[in-house]
Amino acid sequence: MSAPERGGETTYLEAIRQGLWEEMQADDSVFMLGEDIGLYGGAFKVTDGFLDRFGEHRIIDTPISEGAIIGAAVGAALMGMRPVAEMQFIDFMSCGFDMLTNVAAKNRYRWGAAVPIVVRGPAGGGVRGGPFHSGQAESYYAHTAGLKVVCPATAYDAKGLIKAAIRDDDPVIYQEHKYLYRRIKEDLPDEDFVVPLGSARIARPGRDLSIVTYAAMVHVALEAAEELAADGAEVEVVDLRSLVPFDEETVLTSVARTGKAIVLHEAPRTGGFGAEIAATIAEKAFEYLEAPIVRVTAPDTPVPYSPPLEDHYLPGKSDVLEITRRLLGY
Amino acid sequence: MTKTQETELSFPAKYRLTGEMEGCADEQKLELFERLLKTREFDARMRKLFRQGRFEGTFYSQIGQEACDVVIAYQLDQQDFVGPSHRDLGASTGKGVPLKNLAAQVYNRVDSPDGGRYTACHYWHPEFWVMNPSTSIVMNWVAATGAAFGYKMLKKDNVAVAFCGDGATAHGDFHEACNFAGVHRLPIVYVVQNNLWAESLPVALTTALTDLSHRADAYGFPGISIDGNDVVETWNATREALKRARSGAGPTLIEMKTYRWHGHSDIDPADYRSDDEVAHWMERDPIPRYEQYLRELEVLSDDALTDVRARIEAEIEEAVDFAENSPRPAPDGYLSHVYAEDYPGFEFGDRNPGDANG
Ligand SMILES: Cc1ncc(C[n+]2csc(CCOP(=O)(O)OP(=O)(O)O)c2C)c(N)n1
Ligand SMILES: [Mg+2]
Numbered sequence: 001m002s003a004p005e006r007g008g009e010t011t012y013l014e015a016i017r018q019g020l021w022e023e024m025q026a027d028d029s030v031f032m033l034g035e036d037i038g039l040y041g042g043a044f045k046v047t048d049g050f051l052d053r054f055g056e057h058r059i060i061d062t063p064i065s066e067g068a069i070i071g072a073a074v075g076a077a078l079m080g081m082r083p084v085a086e087m088q089f090i091d092f093m094s095c096g097f098d099m100l101t102n103v104a105a106k107n108r109y110r111w112g113a114a115v116p117i118v119v120r121g122p123a124g125g126g127v128r129g130g131p132f133h134s135g136q137a138e139s140y141y142a143h144t145a146g147l148k149v150v151c152p153a154t155a156y157d158a159k160g161l162i163k164a165a166i167r168d169d170d171p172v173i174y175q176e177h178k179y180l181y182r183r184i185k186e187d188l189p190d191e192d193f194v195v196p197l198g199s200a201r202i203a204r205p206g207r208d209l210s211i212v213t214y215a216a217m218v219h220v221a222l223e224a225a226e227e228l229a230a231d232g233a234e235v236e237v238v239d240l241r242s243l244v245p246f247d248e249e250t251v252l253t254s255v256a257r258t259g260k261a262i263v264l265h266e267a268p269r270t271g272g273f274g275a276e277i278a279a280t281i282a283e284k285a286f287e288y289l290e291a292p293i294v295r296v297t298a299p300d301t302p303v304p305y306s307p308p309l310e311d312h313y314l315p316g317k318s319d320v321l322e323i324t325r326r327l328l329g330y
Numbered sequence: 331m332t333k334t335q336e337t338e339l340s341f342p343a344k345y346r347l348t349g350e351m352e353g354c355a356d357e358q359k360l361e362l363f364e365r366l367l368k369t370r371e372f373d374a375r376m377r378k379l380f381r382q383g384r385f386e387g388t389f390y391s392q393i394g395q396e397a398c399d400v401v402i403a404y405q406l407d408q409q410d411f412v413g414p415s416h417r418d419l420g421a422s423t424g425k426g427v428p429l430k431n432l433a434a435q436v437y438n439r440v441d442s443p444d445g446g447r448y449t450a451c452h453y454w455h456p457e458f459w460v461m462n463p464s465t466s467i468v469m470n471w472v473a474a475t476g477a478a479f480g481y482k483m484l485k486k487d488n489v490a491v492a493f494c495g496d497g498a499t500a501h502g503d504f505h506e507a508c509n510f511a512g513v514h515r516l517p518i519v520y521v522v523q524n525n526l527w528a529e530s531l532p533v534a535l536t537t538a539l540t541d542l543s544h545r546a547d548a549y550g551f552p553g554i555s556i557d558g559n560d561v562v563e564t565w566n567a568t569r570e571a572l573k574r575a576r577s578g579a580g581p582t583l584i585e586m587k588t589y590r591w592h593g594h595s596d597i598d599p600a601d602y603r604s605d606d607e608v609a610h611w612m613e614r615d616p617i618p619r620y621e622q623y624l625r626e627l628e629v630l631s632d633d634a635l636t637d638v639r640a641r642i643e644a645e646i647e648e649a650v651d652f653a654e655n656s657p658r659p660a661p662d663g664y665l666s667h668v669y670a671e672d673y674p675g676f677e678f679g680d681r682n683p684g685d686a687n688g
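Line order of the protein sequences matches chains X and F.
The letter at position 194 of the first sequence is residue 194 when you use this note's numbering, and the numbering goes up by one with no holes.
In this note's numbering, each number is its position in the second sequence, counted from 1, plus 330.
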């Protein structure tokens, strides 16, 4: 595979690849490490062609040692580098949990030292990955002060956010949704752009109800909103893009306008990031609310494997339609 | 060994098996052969069915490495604990798990031991004490260490056997488990299958050691490296290690040098390896070497081989039939098995507990 070409119709995966490539090109302190990222080009081919272009000293195939991968990234960051560590599946970030939550997250707090690392990798279900290959890790890390968490839903944001994440001076968890890798594409601008962390986007405007969501569920919300438009309902879809920092203002402004809110995410309900969103709305926009805030999430189970099970597990358009209709009539 | 001419060998003469299999009766030798061949044939069949799109998900072929699993698993008692990884079909077939349950697992149907909740091609069976492999690499190794600890606490004679690959030995938890087992002299045999690759990563990028058995030095128990494609050597080494574990003398780490013929999973073309390397290892195929050995001992005749093949073929047919006809799980069939009891406050099915209609 050759150098990514800027502009034109670009998949979500290719957008990430472009963003990584451009940042590596622009800044010699950026390097990547992870399992099978060099010779093989990554399990999902996000880093295809990088070894040829940037060489072994900047594209490092590591042993299966997530703790040491994240640890090496942290250490190199302290030396002034900007490492990007790939987790082959985001689920395995758990193997480096201590390095992330105790070391990377608290380094600035403990001794003022910046740890500008990015830990990125594929998350999410819908690809028949089963309990260890389909997880969503955001709430473990959003709960740890010092870490930033990014969850892009579109090709534009995937590119703009990876670039912002690499340039950021704090540790950023960049969670890619593997279901979106090759399923969505859009025209991207020819010129350089970044999407700042902490800015949500109105993915579809509306005045009757707000669906606050992120990652693959943005597309589920948009499909539902489209269908509801036929009934004359105007549903607004807010795509958070990054969870930490959290764009409270965009969410509250939306809810203040519509008076009703659904919080939608693919991760299980209990302790999910949706609880945080719902609590913020309840605390700060209570007087605007005309109905209870309702969460639509996966149930509190691991992600099951067999297709009929996984299809039932994942929140889908019909779930969103059902709850939206109920709330619209509230 | 006199009856066979060199020219009849289907592999280079230097790979010919010699020596005794200690304490292995002829019927056992034959039964072991049947399990090896069954493992090979079943794997090949499942691989084909995967390519035909007969089941969803993924497939990890063990072809080429069967002896590493089957020979040790065959020697275990039913209640000896086995902790397989993602490429350990032989850990189940070697221990005698019926093919039909394994096929249903691959097909992720209700008759899978996990009812389709868990990832396909993760062979296991609870009644045979073969635990469900952990996709998160090497966690099976850690859990098997815990099982050995349990046996020790309960003063049972059982042993645990853990499997992993060369790549997995780089994981921090590999070391924690081995160290723990060394300190507590646990009844466990650790088997590392060094097939030279961890996905696309050559073993030289996993370790600076040449023999992975040297890792054992750091934990204070013996480590040996053997030819995992040599059934005789593998039998003798594993027999010794199992004896040691059962006698209370503690763990052994066995590195088995071997090779996977196919890609990491069946969607991997494995073009990071040279054709020469693959050809070199195919010549060292454990099964014809062992077959030849048994013929030379006059334990295996043409007639016996015909019977063995017929039995295997029949069991595979039955297994595939069973899996294809096993129902898909009911869509909400995954909502149980999360806790001993479901309890209010956690949501297992209803996506909408805050009933908006009040
Ligand atoms: C913690 C963790 N990291 C990464 C992976 C992805 N992965 C699955 S198998 C594998 C390679 C395993 O290599 P090895 O241990 O040599 O076993 P082999 O596949 O060769 O049998 C990798 C990297 C994983 N399953 N778990
Ligand atoms: Mg290997």
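These are computed hints drawn from the structure, not numbers from a lab.
Backbone N, C-alpha and C define an ideal beta-carbon position, used for all residues, glycine too.
Check the hints yourself; a few may be wrong.
Unchecked claim - Take a look, some chain F residues computed to stay more than 10 Å from chain X by CB distance:
(1) Lys-359
(2) Glu-529
(3) Ile-554
Stated by the list, open to error - Calculated pairs, DMTMM-like style, for lysine to aspartate or glutamate (alpha carbon to alpha carbon, straight line, at most 25 Å):
(4) X/Lys-106 x F/Asp-605
(5) X/Lys-45 x F/Glu-386
(6) X/Lys-45 x F/Asp-662
(7) X/Lys-317 x X/Glu-191
(8) X/Lys-45 x F/Glu-529
(9) X/Lys-317 x X/Glu-226
(10) X/Lys-45 x F/Asp-601
(11) X/Lys-317 x F/Asp-662
(12) X/Lys-45 x F/Asp-605
(13) X/Lys-317 x F/Glu-386
(14) X/Lys-45 x F/Asp-598
(15) X/Lys-45 x X/Glu-56
Do the hints match the structure? See the list:
1. Lys-359: holds, 36 Å
2. Glu-529: violated, 5 Å
3. Ile-554: About 23 Å separates F/Ile-554 from the closest Cβ of chain X, which puts it past 10 Å; holds.
4. X/Lys-106 x F/Asp-605: Measuring from Cα to Cα gives roughly 49 Å; hence the hint is violated.
5. X/Lys-45 x F/Glu-386: At roughly 21 Å apart (the allowed maximum being 25 Å), F/Glu-386 and X/Lys-45 satisfy the hint.
6. X/Lys-45 x F/Asp-662: Distance of about 34 Å is beyond 25 Å: violated.
7. X/Lys-317 x X/Glu-191: violated, 35 Å
8. X/Lys-45 x F/Glu-529: Judged against 25 Å, a Cα distance of about 14 Å means the pair holds.
9. X/Lys-317 x X/Glu-226: Status holds; Cα separation ~11 Å.
10. X/Lys-45 x F/Asp-601: holds, 14 Å
11. X/Lys-317 x F/Asp-662: Cα-Cα ~17 Å, so holds.
12. X/Lys-45 x F/Asp-605: holds, 23 Å
13. X/Lys-317 x F/Glu-386: Within the cut-off at roughly 23 Å; holds.
14. X/Lys-45 x F/Asp-598: holds, 12 Å
15. X/Lys-45 x X/Glu-56: Given pair X/Lys-45, X/Glu-56 holds - Cα atoms ~17 Å apart, limit 25 Å.
The structure fails to meet hints 2, 4, 6 and 7 from the earlier list, while all remaining hints are met.
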